[in-house]
Amino acid sequence: MLLDQYKTEDFFDEMFTEDGGIRPHYQKIADCLRSLDPAEHRGKQTAVDLAFMRSGVTFTVYNDDQGTERIFPFDLVPRVIPNNEWEKMERGLIQRITALNLFLHDIYHDQKILKDRIIPPHYILGAKHFRREFMGFNVPKDIYIHICGTDLIRDRQGNYLVLEDNLRCPSGASYMLENRAALKRAFPALYRSARVQQVDGYGAELRKVLQYVSPPSLGSTTQPNVVLLTPGVFNSAYFEHAFLARQMGIPIVEGRDLVVRDARVYMRTTTGLVPVDVIYRRIDDDFLDPTIFRPDSLLGVPGLVHAYRSGNVSLANSIGTGVADDKVVYYFVPKIIKYYLGEEPILQNVDTFLASEADDRAYILENMEKLVVKSANEAGGYGMLMGPWAPKAEVDSFREQVRANPRNFIAQHPISLSRHPTSCEDGLEGRHVDLRPYILYGEKITVTPGGLTRVALRKGSLVVNSSQGGGSKDTWVLQGDS
Amino acid sequence: MSDLFQQKPITTRRDHMVMLSRVANSLYWMSRYIERSENVARLLDVNLQLMLDFADFNDQQLKEHWLPILCSAGDEKTFFKLYDRANSENVTEFLTFREENPNSIISCLFTARENARQVRDQISLEMFEAINECYLFLKSKNAHEVWKFGAHDFFEQIKKYSHLFQGLTDSTFLRTEGYEFINLGKFLERADKTTRILDLKYHILLPSVADVGGAVDAAQWQAILRSASALEAYRRFHVEDIIPNKVAEFLIFSTTFPRSIRYCLQRIDAELHRLSGKERREYRSQEERDFGKLLSDLNFITIEQILDTGLHQFLQGVQKTLDQLDDHIYQEFMYHPPVDTEAEIFLQQQQMQQQQ
Numbered sequence: 456m457l458l459d460q461y462k463t464e465d466f467f468d469e470m471f472t473e474d475g476g477i478r479p480h481y482q483k484i485a486d487c488l489r490s491l492d493p494a495e496h497r498g499k500q501t502a503v504d505l506a507f508m509r510s511g512v513t514f515t516v517y518n519d520d521q522g523t524e525r526i527f528p529f530d531l532v533p534r535v536i537p538n539n540e541w542e543k544m545e546r547g548l549i550q551r552i553t554a555l556n557l558f559l560h561d562i563y564h565d566q567k568i569l570k571d572r573i574i575p576p577h578y579i580l581g582a583k584h585f586r587r588e589f590m591g592f593n594v595p596k597d598i599y600i601h602i603c604g605t606d607l608i609r610d611r612q613g614n615y616l617v618l619e620d621n622l623r624c625p626s627g628a629s630y631m632l633e634n635r636a637a638l639k640r641a642f643p644a645l646y647r648s649a650r651v652q653q654v655d656g657y658g659a660e661l662r663k664v665l666q667y668v669s670p671p672s673l674g675s676t677t678q679p680n681v682v683l684l685t686p687g688v689f690n691s692a693y694f695e696h697a698f699l700a701r702q703m704g705i706p707i708v709e710g711r712d713l714v715v716r717d718a719r720v721y722m723r724t725t726t727g728l729v730p731v732d733v734i735y736r737r738i739d740d741d742f743l744d745p746t747i748f749r750p751d752s753l754l755g756v757p758g759l760v761h762a763y764r765s766g767n768v769s770l771a772n773s774i775g776t777g778v779a780d781d782k783v784v785y786y787f788v789p790k791i792i793k794y795y796l797g798e799e800p801i802l803q804n805v806d807t808f809l810a811s812e813a814d815d816r817a818y819i820l821e822n823m824e825k826l827v828v829k830s831a832n833e834a835g836g837y838g839m840l841m842g843p844w845a846p847k848a849e850v851d852s853f854r855e856q857v858r859a860n861p862r863n864f865i866a867q868h869p870i871s872l873s874r875h876p877t878s879c880e881d882g883l884e885g886r887h888v889d890l891r892p893y894i895l896y897g898e899k900i901t902v903t904p905g906g907l908t909r910v911a912l913r914k915g916s917l918v919v920n921s922s923q924g925g926g927s928k929d930t931w932v933l934q935g936d937s
Numbered sequence: 017m018s019d020l021f022q023q024k025p026i027t028t029r030r031d032h033m034v035m036l037s038r039v040a041n042s043l044y045w046m047s048r049y050i051e052r053s054e055n056v057a058r059l060l061d062v063n064l065q066l067m068l069d070f071a072d073f074n075d076q077q078l079k080e081h082w083l084p085i086l087c088s089a090g091d092e093k094t095f096f097k098l099y100d101r102a103n104s105e106n107v108t109e110f111l112t113f114r115e116e117n118p119n120s121i122i123s124c125l126f127t128a129r130e131n132a133r134q135v136r137d138q139i140s141l142e143m144f145e146a147i148n149e150c151y152l153f154l155k156s157k158n159a160h161e162v163w164k165f166g167a168h169d170f171f172e173q174i175k176k177y178s179h180l181f182q183g184l185t186d187s188t189f190l191r192t193e194g195y196e197f198i199n200l201g202k203f204l205e206r207a208d209k210t211t212r213i214l215d216l217k218y219h220i221l222l223p224s225v226a227d228v229g230g231a232v233d234a235a236q237w238q239a240i241l242r243s244a245s246a247l248e249a250y251r252r253f254h255v256e257d258i259i260p261n262k263v264a265e266f267l268i269f270s271t272t273f274p275r276s277i278r279y280c281l282q283r284i285d286a287e288l289h290r291l292s293g294k295e296r297r298e299y300r301s302q303e304e305r306d307f308g309k310l311l312s313d314l315n316f317i318t319i320e321q322i323l324d325t326g327l328h329q330f331l332q333g334v335q336k337t338l339d340q341l342d343d344h345i346y347q348e349f350m351y352h353p354p355v356d357t358e359a360e361i362f363l364q365q366q367q368m369q370q371q372q
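If you read the protein sequences in the order shown, they are chains A and B. If you read the first sequence in the working numbering, its first letter stands for residue 456, the second for the next number, and so on. If you read the second sequence in the working numbering, its first letter stands for residue 17, the second for the next number, and so on.
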């Protein structure tokens, strides 16, 4: 009943083949949805929403003085990935983070990749998030990217493509875990029969990573004190920070709880100052330390960078990873993989034009109405032009910006993201989705099976960001292929 | 600059049981505000019911009845900025829903919840859910509705949330330092509220001469007991009628009734010693010694002596000792000198120059 009116239209649909058949790995879900009457489905949805509200799985929207709390909309129909598809994706993600980590080590040391002219040096040396003050600095175990959330999309043919590498403070892992818990409550029998790979090891794995990268000076026998550094309770991701801290059993601290003395970081406790060894920071580089970066930062800790440079405290992720998720550097990732690993990339990029290359720039300026134009260092769906849908004034404004500062822009042909059956007013309709798997890099690299599927809830919209009308789904990686 | 170096001692603890000063502060206030909300709810509930028996009170009598309650639970100045008449409806709204009143039930729960949010990683999910549900429940109501559909059920629900929270704390919270701060908050607030409830009778509720021993007087003393959840407990000890000095004695001296002043003080004393690790009867500061003196006074004086010197003065003394203790707890465990960012940056830069 819920699926009777469903149309795939001219898109790659996750559940249905082009001729309207159910893909084998969705069969159980389709059966379940068919046996469910719409009122029952709505009832389950309401129960899930209420549970989120009650347990405070919310983010805050500031339009009055107390702030309105909203839940991050959760759609009950899960997204399913068969194991064979997942295994390939997992290999691709591990290959990519390995290469990017080697790249970061290289550009903060010998810069061979620049000397070999694989990447024109000005792109790196002039990158907004390149931290030249960390040239020659060694991070523990040579790991720069401890936590990564890579955004993947599927094109018209269903190929998985990498849209963005998020190497700074990727968020959303808590929703992956909460969504799973909610779905198990709503559809216990279906979940059991589908044989889904578990995600709940994420917290324990993250904690292992953080302990693994503790400062070498601490010695291997001392348990490090690990903390999570949050911008504070007013940050929209505060729920996630508290959630992850609880999963790991570590304290959550704000900048004002920490103090640096003699290049060591301490937290201010009821019994005095207690040393801190590893910081899982959910604050951008720029705000970490007002003595080094932004002097107006109230979130950071004066002296933190000095303690870090002295090797007395570890940060995850390391400082300076942002240079590798610059969208201009993204263009070079296939070459980076080839250069460091001698392998062909397993996951492809979206074809990209660089505004700072003369030919590409001419093409971009000429075809702006047909392209998606992105600024190199924005995230969250901001600083982006969706050419085909944008009003003329906005297109013109971007054309001016690209001309004035070509280094800061790239362009891509719009990808018609795959669609997925999603609960709407009148039953299920197709909505565009992406996928953000979470990769952890410690003693080994692990990818949590699944990740966060984000869905653009507005009809026709391609923007999945929570700040702009996006919701999310539970993501199932099956133990088998169907 | 000098402030910078007056830090607490540096330790090398790596035992995962350390507690941030900010966290201790939040746990303490979370707990205090939950206890406070319950007390305001009970006070209102009891007095609204009491009013049912005195439906013919005129404006002046109403005011005489509600004013001391406003003084003890809220802030009369703020009240009269917002309202002209101290009648039951206005007082209920002010003490329950007005955010302008920092001690209204909704303000208490909002503050408790903000504190709980600050320490969400420290408290159990069940505890957070109890506070959050109560807050959401309260936000979905308004005074008009409550008045129309029965205030009793409404206040009953608020009290239940507080009991739920305190029960869940007992059954889900780790017995670590945090538990001591939660208990300190709870019992300090409770002791303070019991003094204020008892003081109501002294305050303006003193009956006019004709009413002494009359129906109004008995009902009011009964209301005092019910405001402290003590009516049934009192009856188990005193089968005779409700006698004013016995009520006062019970609410001050009982060692078994969990809302009596003495009982609360004993619990506070135990928590303080657990925190300091000192032997019983050893105290660390003047505030703690004053507190210890008050507790031992309760072992030696009688209700008659208190009534002789004045109940009101005695209760005020208790409140003052508790206030000082509250301040002491803050200084001892929660306060760190504020970071002077500019001085801190200066210090760090100098250190870096020295070491390069």
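Think of the hints as simulated: they come from the structure by calculation, not from any bench. Because the structure is a prediction, the values reported are computed rather than measured. Heads up, some of the hints might be wrong.
As the list claims (entries may be wrong) - Stretch by stretch, here's where chain B covers chain A in the computed footprint (C-beta under 8 Å, at least three residues):
1. 585–597
2. 673–684
3. 752–761
4. 865–874
Said to hold, decoys possible - Estimated spans, in silico, between C-beta atoms of each pair:
5. A:Arg749 to B:Arg300: 39 to 47 Å
6. B:Tyr351 to A:Tyr837: 47 to 55 Å
7. A:Pro493 to B:Gln282: 58 to 66 Å
8. B:Leu68 to A:Arg497: 39 to 47 Å
9. A:Met508 to B:Asn74: 43 to 51 Å
10. B:Ala71 to A:Gly882: 55 to 63 Å
11. B:Glu116 to A:Arg497: 35 to 43 Å
12. B:Lys155 to A:Arg749: 32 to 40 Å
13. A:Met508 to B:Asp257: 45 to 53 Å
14. B:Asn158 to A:Phe689: 21 to 29 Å
To be verified - In silico negatives: residues of chain B with every beta carbon more than 10 Å from chain A:
15. Lys24
16. Arg30
17. Leu64
18. Ser301
Yeah, the Cβ is synthetic: ideal placement off N, Cα and C, and Gly gets one too.
Status of each hint after checking the structure:
no.: 1; hint: 585–597; verdict: violated (count 0)
no.: 2; hint: 673–684; verdict: holds (count 5)
no.: 3; hint: 752–761; verdict: holds (count 4)
no.: 4; hint: 865–874; verdict: violated (count 0)
no.: 5; hint: A:Arg749 to B:Arg300: 39 to 47 Å; verdict: holds (42 Å)
no.: 6; hint: B:Tyr351 to A:Tyr837: 47 to 55 Å; verdict: violated (40 Å)
no.: 7; hint: A:Pro493 to B:Gln282: 58 to 66 Å; verdict: holds (60 Å)
no.: 8; hint: B:Leu68 to A:Arg497: 39 to 47 Å; verdict: holds (43 Å)
no.: 9; hint: A:Met508 to B:Asn74: 43 to 51 Å; verdict: holds (46 Å)
no.: 10; hint: B:Ala71 to A:Gly882: 55 to 63 Å; verdict: holds (56 Å)
no.: 11; hint: B:Glu116 to A:Arg497: 35 to 43 Å; verdict: holds (40 Å)
no.: 12; hint: B:Lys155 to A:Arg749: 32 to 40 Å; verdict: holds (37 Å)
no.: 13; hint: A:Met508 to B:Asp257: 45 to 53 Å; verdict: holds (50 Å)
no.: 14; hint: B:Asn158 to A:Phe689: 21 to 29 Å; verdict: holds (27 Å)
no.: 15; hint: Lys24; verdict: violated (4 Å)
no.: 16; hint: Arg30; verdict: violated (5 Å)
no.: 17; hint: Leu64; verdict: holds (28 Å)
no.: 18; hint: Ser301; verdict: holds (15 Å)
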